[in-house]
Each structure stands twice: as C-alpha cells, then as structure tokens.
Amino acid sequence: MVKNKVIVVGNGMVSHKFCEKLSEKSKNFAISVFGEEKHPAYDRVNLSKYLDGVAAEALYLDEESWYGEQGIRLHLNKRITHIDLENKLVYTQRGETAAYDYLILATGSSPFVPEIQGREKNGVLVYRTFDDLDKLRMFASRARHAMVLGGGLLGLEAAKGLLDLGVEAPGVLEFAPRLMPRQIDSAGSRVLAEKLEAMGMKVHLGKQAVEITGKDRIDGVRFADGSWLPADMLVVSAGIQPRDELARQAGLQVGPRGGIVVNEFMQTSHPDVYAIGECALFENTVFGLVAPGYDMAGVAAANLCGEKKAFSGADSSSKLKLAGVELASFGNPFGSRSVVFEDGNRGIYKRINLSADGTKLTGGILVGDASQYNMLLQTVANALPVPENPEELILGSKGTKAASQAAGLDMLPESAIICSCEGVTKGRLIEAIGEGCETFDALKTCTKAGTGCSGCVPLVKDILADTMKKQGKYIRKSVCEHFPYSRQELYDLIKIHEIKSYDEVLDSFGKGEGCEICKPIIASILASLWNEMVLQRGNDIAQDSNDRFLANIQRGGTYSVVPRIPGGEITPEKLIVIGKIARKYDLYTKITGAQRIDLFGAHLNDLPLIWEELIAAGFESGHAYGKALRTVKSCVGSTWCRFGLQDSVSFALEVENRYKGLRAPHKIKSAVSGCARECAEAQSKDFGIIATERGWNLFVCGNGGLKPQHAQLLATDLDSETCIRYIDRFLMFYIQTADPLTRTATWLNKMDGGIDYLRNVVVNDSLGMAAEWEKEMECLLGAYRCEWKTAVETPEIRRRFVHFVNSPEEKDPSVAFQPLREQKMAGAWPDQNDR
Amino acid sequence: METVTETSWFLACRVEDTIPNGGVCVKRDDEQIALFYFSRQDRWYAVQNECPHRRQMALSRGMVGTAGEEPKVACPFHKMQFSLASGECLSGGECRLKTYRVKVADGNVFISKN
Chain R
562 MVKNKVIVVG
572 NGMVSHKFCE
582 KLSEKSKNFA
592 ISVFGEEKHP
602 AYDRVNLSKY
612 LDGVAAEALY
622 LDEESWYGEQ
632 GIRLHLNKRI
642 THIDLENKLV
652 YTQRGETAAY
662 DYLILATGSS
672 PFVPEIQGRE
682 KNGVLVYRTF
692 DDLDKLRMFA
702 SRARHAMVLG
712 GGLLGLEAAK
722 GLLDLGVEAP
732 GVLEFAPRLM
742 PRQIDSAGSR
752 VLAEKLEAMG
762 MKVHLGKQAV
772 EITGKDRIDG
782 VRFADGSWLP
792 ADMLVVSAGI
802 QPRDELARQA
812 GLQVGPRGGI
822 VVNEFMQTSH
832 PDVYAIGECA
842 LFENTVFGLV
852 APGYDMAGVA
862 AANLCGEKKA
872 FSGADSSSKL
882 KLAGVELASF
892 GNPFGSRSVV
902 FEDGNRGIYK
912 RINLSADGTK
922 LTGGILVGDA
932 SQYNMLLQTV
942 ANALPVPENP
952 EELILGSKGT
962 KAASQAAGLD
972 MLPESAIICS
982 CEGVTKGRLI
992 EAIGEGCETF
1002 DALKTCTKAG
1012 TGCSGCVPLV
1022 KDILADTMKK
1032 QGKYIRKSVC
1042 EHFPYSRQEL
1052 YDLIKIHEIK
1062 SYDEVLDSFG
1072 KGEGCEICKP
1082 IIASILASLW
1092 NEMVLQRGND
1102 IAQDSNDRFL
1112 ANIQRGGTYS
1122 VVPRIPGGEI
1132 TPEKLIVIGK
1142 IARKYDLYTK
1152 ITGAQRIDLF
1162 GAHLNDLPLI
1172 WEELIAAGFE
1182 SGHAYGKALR
1192 TVKSCVGSTW
1202 CRFGLQDSVS
1212 FALEVENRYK
1222 GLRAPHKIKS
1232 AVSGCARECA
1242 EAQSKDFGII
1252 ATERGWNLFV
1262 CGNGGLKPQH
1272 AQLLATDLDS
1282 ETCIRYIDRF
1292 LMFYIQTADP
1302 LTRTATWLNK
1312 MDGGIDYLRN
1322 VVVNDSLGMA
1332 AEWEKEMECL
1342 LGAYRCEWKT
1352 AVETPEIRRR
1362 FVHFVNSPEE
1372 KDPSVAFQPL
1382 REQKMAGAWP
1392 DQNDR
Chain S
4 METVTETSWF
14 LACRVEDTIP
24 NGGVCVKRDD
34 EQIALFYFSR
44 QDRWYAVQNE
54 CPHRRQMALS
64 RGMVGTAGEE
74 PKVACPFHKM
84 QFSLASGECL
94 SGGECRLKTY
104 RVKVADGNVF
114 ISKN
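If you read the protein sequences in the order shown, they are chains R and S. The opening position of the first sequence corresponds to residue 562 in the numbering used here, with each subsequent residue numbered one higher. The opening position of the second sequence corresponds to residue 4 in the numbering used here, with each subsequent residue numbered one higher.
Looking at chain S on its own, in the form it has when it is part of the complex (with noise of 0.2 angstroms):
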C-alpha cells in the first residue's frame, strides 16, 4: 500500500552552481547530499554523500557515467559503484544509498527533505 504525502523540498543552490555530468556537495543542517546533473538526459539526481563502504564524504567527487541505460556514480576512494536511481550497490555490496528527489524552478534546484 502507497502512502501519498506532500514532498517538502529545501533550495539547494542554483543550476549554475553545479556541474554537468558531475556532482556538487550539497549541506543541509548536518547532512550531506551529492547532487549530479546528466546535462545530456537533463536528468538531476542526488544521494548521501557519505559513500556506505568506508563512511567517507566523498562520493559528490566521484565520477559519473551509465551502466546500460542505468546512472551511476564511482566513489574515488576504493571505485565502490552505486545507481543514483535507486541507490544501489552495483559492486555486489549490500549497503544501499539514500536517494533524493530533485527538481528545478526559475533556475533554482531544490531537494527533496527526506
């Protein structure tokens, strides 16, 4: 059973701010979010930022890319790969990112709270 609630979104920067095909470090409170921007697909997406493998703060550094059609990006420390749709481990690990949703208004990028 689905529950329908209200997303409540916080700004996270401008479209300016980030980097196609790469990833920016987002702070809200005490959390960290990478937020990545597929300028080819316009498609945003945004994850924690602390890679699960090691607990670094390092995956908006990591390098982006696709597996077939799925997003993904590498963490630079030890290239642990996770789906950025899903959060995922696709390096046969167990651990599973939390995923945001983002979208995009008057060139502004907002992320979802929770």
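One chain only, chain R, in its complex shape (with noise of 0.2 angstroms):
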C-alpha cells in the first residue's frame, strides 16, 4: 500500500517524542524529520549538563540510527524555509523540496529578547543550543562580570551554568521583585535566593534593564531607576519566543503574540497541519514545558491514526532540581487561605493553599524540599478532601508514615493522571499490575510510566507497593535480575545454609552471571556474617572496585591508603612512619574529616609494599574503602580538658578497637564526646556517644553528608558496659535488616514506629534478640584479622595488586600527576574530544 507522507519540521524533544509515538502506533506512514541544527533531537531540559563536560552525544535521546531502525528519515542541518500549503510542499535552505500528506510543525521557541537598547552588542547571549552554550563557555573563561536576565527557570540555569565554568559571582538580574515570578512567592524566592547566594550567585531584583552599553562589546547594564552595573557578558534569558514564522509566512492562524493556532487534536487553521509543543498555541496559551509537549505530540500521532483523542491543556505544575535545590510549584501557587512552614536554618518552605471553604487543596510551592510534591499534586489534581489538620500534607501526620501514606494512595481515583509525561492513570497502573507486571521495570515497560521526566516515579513504586499488598501478594523487593530475593531474605538464607562464597550463593540461588548489584550485595552479606577476609574464596570478583584492592580508586588510577589511627589518636613515632612512607612513594598526604590521615596517589603495585611498611610499624587497615565501621572520633576529654567529663579518648578506642572492620549494609562513623559541648560531633554519626556527670548518653541514625540528620536519643546515662551493649544490639539489628546502601539514618526514617520502635528492640529486647545478637556479635569480632595483613601474607592474593598481569613489575604508564602547591594532585580527567 502507499504510505502517508508525513513531514516533520523541527528535531526537538516534542518531535522526537512525536515520532517514537507515530512509528510506534503504525507503521502506514512514511516519515522525514528536518532538523536545523547538526545534532539530533537532544535532552534540553538537562542542557546544563553540557556544561559540566558530559558530551552532547550523551545527551541525545536517541543514536542518529534510531530513526532508520524506525523507517524514519532524518534531515540534519536542513532548514526548512518555506511552506506551499496549496501544493503540500515544504523548501529547504538549499532549495530541496518535499512533498508531504500531513505536516507537523514542532518548531518550538527561541529565546526571547527583549527590545533593549544595546542589545545587538557583541558579549550578549541567549541558551538554548549546543551552539549557545559553546559561545558561553568562550565568553565565561575571560569574563569578570557575568550577568543573567531573567530570574526566572532558565535564567537560573543559566547562572549556575556560570558558576560550574568558574566564573566568580554571577549576578541574577530579575525586573520582578522575586525570583521565578511565575512559580514562586516572595517568601519562597527569599528562601532560594540565599540557597543561591550562599553557591555564591549574586541576586539582583526589581531590576528593569533599559541599557546596555560599551561600545561594540558590552561593558554594562543600565537600568530604569538610573543606577549601572559592569558586565562584560550578559545571558539573555527572558522568556521564550514560539517559532511560528514559517506559519506566519504560509498563512495560517497565529496569535497576536505569536504561537500557531491549535485546536484540540492539534491542528493548526489547516486540517493537514499540526503544530505541537512551544510553538503551538491552545486556548491563548503556550507551554513552555516538556510534559505538555510531550502530551500534544500523542494527541498528534493519535490523531493521524483516526483516533479522535484531545489535548485537554495543562497546568504549569512542575518539581525540578535547580543548582542542587529542589523546587515546585503546583496548581495555584498564588492562592489564598495558605498554610505556611518556613525553616530559615535548613532553607525549606513549604506552601499550601486551600479553598475558601478549606476542604480541598487549590496549589502551593515547596523550596528546598519537594518530596511530598507528588502527593500534593494529585490531592489538587483529583480534589481528595484535605485533612483536619492541613498541616500534614506537608509536615507529615504525627502518627506512623507508612500508614497515612497508604491511606493517601487509597483516596485517589482510578482516574487519576500518575505520569503526566505519558498520560498513565492509577486505574491502567492497577490493571497493569493484575496483568503480572509485578515489578516496577516491567510497569515501566508495559505502561510507559516514568518513562519521560521520571518525576512520578516513587508515586508508581508506592502504588506497586500498595496494590501488591492490598492482592495479598508478598512484594519481591529483589535485589536484581539475577536473584529473586530482597537483601534481608538472602541474608537468611546465606545464614542458615551458611555459606561462605559469592559463587555458591549465585549457584543455589542465582541465575546468570551476576552484576554489579548483586554482587556487592551479597560480598557484603557473607563479610557481615562470617567476617572472613573479603578477597578469599573467590569473594574477590564480587567486591566493589574499592574493596577489590582495599583501598580507594582515584581519578588516575591511583589509590588512596588510610592507615586506622583509632579515636584519632597517634604518637609522634607512628607520625614519623607515616611521613616516611609518604616521603618515599611520594604520596599526597591530607588530614581527612575523621581524625585521620589520608595517603593519595599510590601505584596499584605499590600498595602491598606501603602496607607492609605500614603494619610493620604496627598500623592496621583502616577499612576507609569499605561498607564497614570507618572511625570513632573524639575530642580529648577528661584526660586534658578542663570541662571534660569522661575520658572520651580511652572509651572511643575501646569502641573503634571493637567494631574495626565490621562490615554493614552501608558504612558507619562514631563518635565520642567528653561533655555536652559535643566537640566530636557525635551527633551527625550512625551512633555517637556523649558523657554526661553519670555516665554516656547513647544517641543513633544521626548522618552528615548529602542529607543532614541530628542523630536521635536511644539512652541515657549508661555505663561503658551497657553502652557497648546496647551498640551491639543496635548494629546487628541495623545489618540483619537494612536494605542495601542504606544509612541507619535512613533505616529510621523508613521504620514504623520510628525511634520509639527502635528503643523497644534495642533497650527494653521486644523481639527476643539481644541475647542471639550479642553472641553474634562476638563471633563477628572474634574473627577479626587486618585484611592488609592476610594480603601481603598470601601470595596468591598479593599476585593480583599488579596493573599489567603480562609485566607484573610495570605501572600503568597513563597514570598522571600535576603539582599543588609543596605537593601533587592526580592529572585532570583527559579531555573526551581529542580523539
């Protein structure tokens, strides 16, 4: 049969998305998609990753040669110039013609420019394009004031696109008085505004540009109340602008402020043409998002295929991750009748906005943390009724988390939209789930859902969860492809099979080869239960690369040696060893944030001599590369200290000199304190321990790192013997249970019950376990041996730390150092274009 030609003009995001669907529904279609620019459709929401050095290939959605594999044929670096709607004709720059049966335009917007005086002056800029972006990066590397336009999305992308290339305080010039206008309150662009000023943005509102001078080059931006600032590039970056020209200059229906108008099913003013994404216009309104585009381009497609489906509109709700803080907005953020939490400390706010009659939630804004946006969203979206308390929605209900969460799920209706991206409902997930996707990459595959901004993605894992349980079915939380068991159930088994290697493990419960994930899992599992050494019983293969060679790989290829200086404390001899060694393999030495001393830039060959070295001056590994117990800290207590009021040194020694090389799901840090002033930093460690007139107060789950979490009290006024006791329990509570690569921190926060729980089990021994756990813990610490010790001791592991297996006495020759100050760093990340 003859194929329906189909011309697609624009290779963006939304005519991308446009063709995966069309191709995917049918198969009558002849497609050709022509691109201005020499790049294929690319991720442009994650634009700014280019600036951090990922390649522009890597953002391609898809290889060039998808779109042949699809029976698509792509036109790069053809401009389409003009359209004969008469003859259904498109030209391109060099005159080529192509006939079509249907046209899309998905053209989309270039950036908005405002008539500013000086604007056409070399050093002004937009971001849109690979192209713009690599103008930016030549002008950031000799500027000394940057500037932004707009405060608005982009424009904040922007500015911190600024500050990865280096360029020192970037300003932020906003004609509102707040940041984002359009999705944020005053308060909430306060609370950001600080979040960017402390990256080390400069922020600049109510500021209306009407100059930019210099002379062919800009110099500076004047604005409407007089004053100037220097500039010697500025970032346009004011709103977008639909491409509609093409439209224009054909004779269809536009918008007086440009966009192509649309109906319903997409069509523009001619019934054989479709416009979609930024440059359509629908009911006055341009979408300047991928979601809605992403919308219009199924409705398209649909269309195309004699399915009457309509595009209904969209809101402009959106989360996303702006210089590392989250951000949303949804529904109405502007609302009346708003409940309001602020916390200035850890820069969150939180607002919700309620109908007059306060029963249903209107919209709202979350800065700094958005992790209930999903929630919200669909409370808005599908009008559930608001709790007695409205304040739960975003401080959590006081009661168990778990539980009110389900009854959230339960309160939406089949008919609700989960994945915007893709128009999947709770209704399709839920019949997706009885069909046998019973586990989220099959839901993925099956539905589509959080195949497209993955911002849904925990709502349809809370969802699996919930219909699962709710069918009566156990849900396999398993760890991978390979092994059809959640970290806890193959810790059973290992136990009660016992056994003791990763190969026999993948043979009595595996199938394949085993991977990345699994392995480590289960190298975890068996040193948690047996505590043999880590590289024995061909456990080795199974290590994470770190634990492989025990010892942390560096950019290079070199790695980083931590000899265990327990409570941080060391005399002046093992001082001496330490700089010797350094001395001698030439080695960047740093005092790191545990108390101890961190060894950079050794040879993989010559890391068995540096320990031997090391353990015959009476050093032990300090485990820094392991899901172990890295440090106990402490500060110097009773022994020196004039309000000291235990002997906070002797007792961290005694806890380090217990636990060293116990491996967890995750790593674990300590600490112990001397008085309440708490100069160890106790409580930011997994359990930290803090002496009071009587005796140690014992606090636990506490973290430091990505999310900050105050450890919590477990007890107080303890004596040595029970403290250690009640550690006992806490740890093999914490390692029989944890899910993978889970802190405690985060252990607590996903127990019912919460700390009141954990005291039950750990204190007052309400499941019956103290005893077992305590005798396994002995037999833990029993078995403990330096691993650095049995490997330079065993031939047959000490053969593997070479680089070349055929010159074993030769190092990696690739391997770079570059000189800092009285030292040296490991070489740059060689450049990924050179080649």
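Check the hints yourself; a few may be wrong.
With a straight-line cut-off of 25 angstroms between C-alpha atoms, the simulated BS3-like cross-links for lysine-lysine are [as the list claims (entries may be wrong)]: (1) 610/R / 880/R; (2) 1072/R / 82/S; (3) 1022/R / 82/S.
Bear in mind the hints are in silico, worked out from the structure with no lab data behind them.
Relying on the hints, combine the two individually framed chains into one complex.
What follows is the structure, encoded as structure tokens:
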C-alpha cells in the first residue's frame, strides 16, 4: 500500500516524541524529519550538563541510527524556509523540496530577547542550543562580571552554568521583585535566593534593564532606576518566543503575541497541518514545559491514526532541581487561605493554599524539599479532601508515616493521572499490575509510566507496593535480575545454609552471571555474617572496586591509603612512619574529616609494599574503602580538657577497636564526646556517645553528608558496658534488616514507629533477639584480622596487586599527576574530544 | 561484503594468570587490553582497557556480569556498563569499546592483534 507522507519540521524533544509515538502506533506512514541543528534531538531539559563536561552525544535522546531503524528519514542541518500549503510542499534553505500528506510543525521556540537598547552588542548571549553553550563557554573563560538577564528557571540554570564554568559571582537580574515570579512567592523566593547566594550567585531583584552599554562589546547594564552595573557578558533568559515564522508566512493562523493557533486535536487552521510543542498556541496559551509538549505529540500521532484524542491543556505544575535546590510549584501557587511552613535554618519553605471553605487544596509551593510534590499534586488534581489539620500535608502526620501514605493512595480515584508525560492513570497501573507486571521495571515497560521526566517514579512504586499488598501478594524487593530475593531474604538464606562464597550463593539461589548490583550486596552479607577475609574463596571478584583492592580508587587510577588511627590518637613515632612512607612513595598527604591521615596517589603495584611498611610499624587497615566501621572520632575529654566529664578518647579507642572490620549495608561512623559541648560531633554519626555526669548518653542514626540529620537519643546515663551492649544490638539489628546501601538514618526513617520502636527493640529487647545478637557480634569480632596483613602475607592474593598481568613489575604508564602547592594532585580528566 | 582475513594473534598470558569471572589487564606495546574469563560458560572476552566515558585505564578492574544473556563489565569509576560481546555502551552512552578475539591453546591465552 502507499504510505502517507508525514513531514516533521523541527527535531527537538517534542518532535522526537512524536516520531516515537507515530512509528509505534502505525507502520503506514513514511516519516521525514527536518532539523536545522547538526545534532539529532537532545535532552534540552538537561542541557546545562553539557557545560558540566557531559558530551553532546550523551544528551541525545536516541542515536541517529534509531531514526533509520524506525524507518524515519532524518535530515539534519536542513532548515525549512517555506511551506506551500496548496501543493503540500516544503522547501529547504538549499531549495530542495519535499511533499507531504500531513505536516507537523514542531519548530519549538527561540529565546525572547526584549527590545533593550544595545542588545546587538558583542557579549550578549542566549541559552538554548549546544552552539549557544559553546559561545557562552568561550565568553565565560574571560569574563570578570557575568550577568544573566532573567531570574526565571532558565536564567537560574544559566547562572548555575556560569558558576560551574568557574565564573565568580555571576549576577542574576530580575525585573520582578522576586525570583521565578511565575512559580513562587516572595517568601519562597527569599529562601531560594539565600541558597543561591550561598552558592556564590549574586541576585538583583526589581531591576529593569533599559540599556546595554559599551562600544561594540558590552561593558555594563543600565537600569530604569538610573543605576549601572558592570558586565562583560550578559546571558539573556527572559522567556521564550514561539517559532511561528514559517506558519505566519504560509498564512496559517497565529496568535497576536505569537504561537501557531491549534485546536484540541493539534490541528492548525489548515486541517492537514499540525503544530505541537512550544510553537503551538492552545486556548491562548503557549506551554513551555516538556510534559504538555509530549502530551501534544501523543495527541497529534493518535489523530493521524484516526483516533479522536483531544488535548485538554495542562497546568504549569512542575518539580525540578535547580542548582541542587529542590523546587516545586503546583496548581495555583498564589491562592489564598495559605498554610505556610518555613525552616530558615535548613532553607526549606512550603506553602499550600486551600479553597475558600478550607476543604480542598488549590495549589502550593515547595522550596528546599519537594518530596511531597507528587501526593500534593494528586490531591489538587483529584480534588481530594484535605485532612482536618491541613499542615499534616506538608509536615507529615504524627502517626506512622506509612499508614498515612497508604491512606492517601486509597483516596486517589482510578482516573488520577499518575504519569503526566505518558498520560498513565492509576487505574491503568493497577490493571497492568493485575496482568502480571509485578516489578517496577515490568510496569514501566508495559505502561511507559516513568519513562518521561521520571518525576512520578516514587508514586508509581508506591502504587505498585500498595496494590500488591492489597492483592495479598508479597512484594518482592528483589535485588536484581539474578536473584528473586530481597537483601534480608538473602541474608537469612546465606546464614541458614552457612554459605561462604559468592559463587556458591549464585549457584544455589541465583541465575546468570550476577552483576555489579548483586555482587557487592552478597559480598557485604558474607562479610557481615562470617567476617572472613574479603578477597578469599574467590569473593574478590564480587567486591566493589575499592574493596577488591582494599583502597580507594581516585581520578587517574591510583589509590589512596588510610591506616587506622583509632580515636584520632597517634604517637609521634607513628606520625614519623607515615611521613617517611609518604615521602618514599611520593604520596599526597591530607588529614581527613575523620581524624585520620589519607595518603593519595599510590600505584596499584605499590599498595602491598606500602602496607608492609605500615603493618611493620603497628598500623592496621582503616577500612576507608569498605561499607564498614570507619572511625570513632573523639575529643580529648577529661584527660586534658578542663570541661571534660569522662575519658572520651579511651572510650573511643575501646569502641573503635571493638568494631573495626565490621561490615554492614553501608559505612558506619561514630564519635565520642567528653561533654555536652560535643566537640567530636557525635550527633552527626551513625552512633554517637556523649559523656554525662553519670556515664554516657547514646545517640543513633545521625548522618552528615548529602542529607544531614541529627542523631536521636536512644538511652541516657549508661555505664560503658551497657552502652556497648546496646551498640552491639543496634548494629546487628541494622546489619540484619537494612536495605542495601542504606545508612542508619534512612533505615530509621523508613522504620514504622521510628525511634520509639527502635528503643523498644534495643533497650527493652521487645523482639527477644538481644542475647542472640550479642552472641553473633562476639563471633564476628572474634574473627577479626587485619585484612591488609592477610593480603600481603598470602601470595595468591598479593599477586593480584599488579596493573599488567603480563608485565607485573610495570606500573600503569597512563597515570599522570600535576603539581599542587608543595605536593601534587591527580591529572585532570583527559579531554574527551581530542581523539 | 565481508573480506576474509587471517587473524594474527599474540600471546597474552597463561590461563592460570587470569581471574575466573574477573578481569586482568594485558599490555601489548603501548596498548592496554582488558581480558575477562567467564568460567561458568568457559568464555573469554577482550576489550580496550580504557573506559571511554572519562578515559580511565580501568575496565580490567571492573565487575563483570550479565544483563539477560549479554556479558558485560561495569567501570569502577562511574559504573558505565559495556557489552563485552559487542563493545556497545549499555548505559545509554554513544561510545563503544574496541573488542578483540581470544583463543586458548595449551593453557596459553592469545588475543587477536586487531
């Protein structure tokens, strides 16, 4: 049969989605796509990653070959300059013509540059394509005063890009009195601005630029209030302008302020011509987000296939991460009857707006923590009733978190759109789960939910878990495709069957060859259960890279070495040994945050030699490379300090020496402080001990890092022996039940009943496990041996510490260093384009 | 059209020098080649040792495994994954590894010269 010819003008994200949808639905179309850029469609949402060093190719939505595989002809570097509606032809800039039966305009938008005097000057840039970013990079390398015009989403992304390029204090100029004026309110803007300024940006609000000054090249910006700021580059990010020039020229109807007018089927004023994405004007609105664009692509594809699918508009609800700050705005962000929560300390601002009678949610704003976005959006979209105390929506209820969440899911009607990119409803998800999609991956493949912006993934997972539970099915949190078991199930199986090697576990309970997910999980379980040397019994190949070479791999392929310095106490003799070794092997030395000394830049071949010398001087492995006990930090305590209540150093030494080598689902850090002044920062550790007049207070499940969280008080005024007993129980409970790579803080956050439940288990022995756990801990600790000692003394392990198997003496010649003050650092990442 | 050419080989190492279900790095002049042995299936794979993502000589130290039937290795630096059969990047990247053929005779492991 003769195929209908479809021509798509433009090759951006929406164009790509259209191609995907249409070729998936029907093979009866011959599709040709014309893009004016030299790149095939790329992920413009994540464009700023390009400034971060990600290759352009890595941002392509699909390789060029994908189009061919779908039977689509892709023409890059070809701009369509003219449409002949009567004869159904398009013309390229080179005068070539192509005929169509249906024409899809997906021409997108261009950056809107307001008519400011001097805007043509050299150094005035925009931010939309790879080419734009290349220019920006060039100017940024010489810029002393870089400015961004526009404090909206794109403007802030551009400012972050400048910061990443090493530009000092890039300025953000916003006409409105607040940042992101369309999405957030003044209070939200204030919290956001503080965070951005802390990162090094300079925010100027209420500034209306009237002139760009300078001769040929920009040297500053003058404002309506008469003030002037120096600027040697200006990135204009003041909004978008639909690319409707082709449509306009062809005589298609366009809006008074731009945009190609379309109906609900995405048809323009000419029924065979469609417009989708940012160039389309639907009910007087241009949608500048990707989700509605994808939605339009689906609608247009469906209509071409004869289905009468309609686009129903979209609101501008969105969640994003800007310069590391989570932001969300949903429904009507500026409604009245608001409930507001602000934590100036952590930089969190949340606002929800209620209907006049206070029973429905109408919209809101989240800055700094947008974890509740999905549920709030659903509450608005489906007009769910709000709880009696609406603040629970943003603060969480006092009761158990899991229960309130499940109740929230139940309230959602089947028609609730969960994945707006793909238009997948809750009903469709439940149906697919019923048909056997019982893992997230299966559900994703079958329904396409979560394949777009992936913002709905947590909610899809919750619905999966909830539905499975309701169907009386046990939810398999299987670790990966090779094992149909959760970590906890594997832990029990390996324990009951007393298995000691990864290969045996795979042969007994798994299939295939394993992978980088299950191997380290099982290696960690084996180490937690038996505490055998991790490189024996063939378990070396199952260890994460750092565990496999008992050192931390660094840029360039060398390793860092961290000897254990318990409690941070070290003799002058040992300091001298470390200094001598560092000098001999030419290592960069630095004091770590954990009161130890890190030696960087060791060649793989040198590791056994270095450790031989360290061990001879009485050092042991510090396990800095392992998911294991790291350090027990201490302040000097009562032995010297005039405030000290207890001997914190001696207790830290006792605790560190007790648990050294203990492997767990994630790393474990600890500290002991000699008094409530807390110089050892014990409340940021997995378990922290603080001296009191009568003994020790024990805190658990604290965390520094990405999501800092204070530890919570588990028990007070303990004697040393009881304190250790509680830690034994706490750690065994954690090791046995935590999910892979879950720190104690997250483990506790997920625990029903929280700290009260944990206290009941550890202190009151509510599970009746205390005696068994204490016994198991004794066995584990009894099996401790410094693994570096075993490694250097065991020839079959030691011979693996070489770079070339066929030239064992030779070090990796690709390793390079560069000088740094009086020491050195790893060479830069090699350029990825110079090959 | 396929041209049939005689493959030429070089001696990489002895079988007992390799690591079952793991990798070693082989030097050939200025080239670094990662050699992997999947002992359950008795299959050998060789690819360039350099991970094209950040150009680190590290793939021989990566963890091997399978995705379905596809044999793969994950780079220790940023967990980029590559098929050991085709060299294709399985983490959505554009890059591809150079692959080599491997044969074993009398306990010696040979890798193709190109």
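Hints and how they fare:
no., hint, verdict
1, 610/R / 880/R, "holds, 18 angstroms"
2, 1072/R / 82/S, "holds, 22 angstroms"
3, 1022/R / 82/S, "holds, 24 angstroms"
Checked against the numbered hints given earlier, the structure satisfies every one of them.
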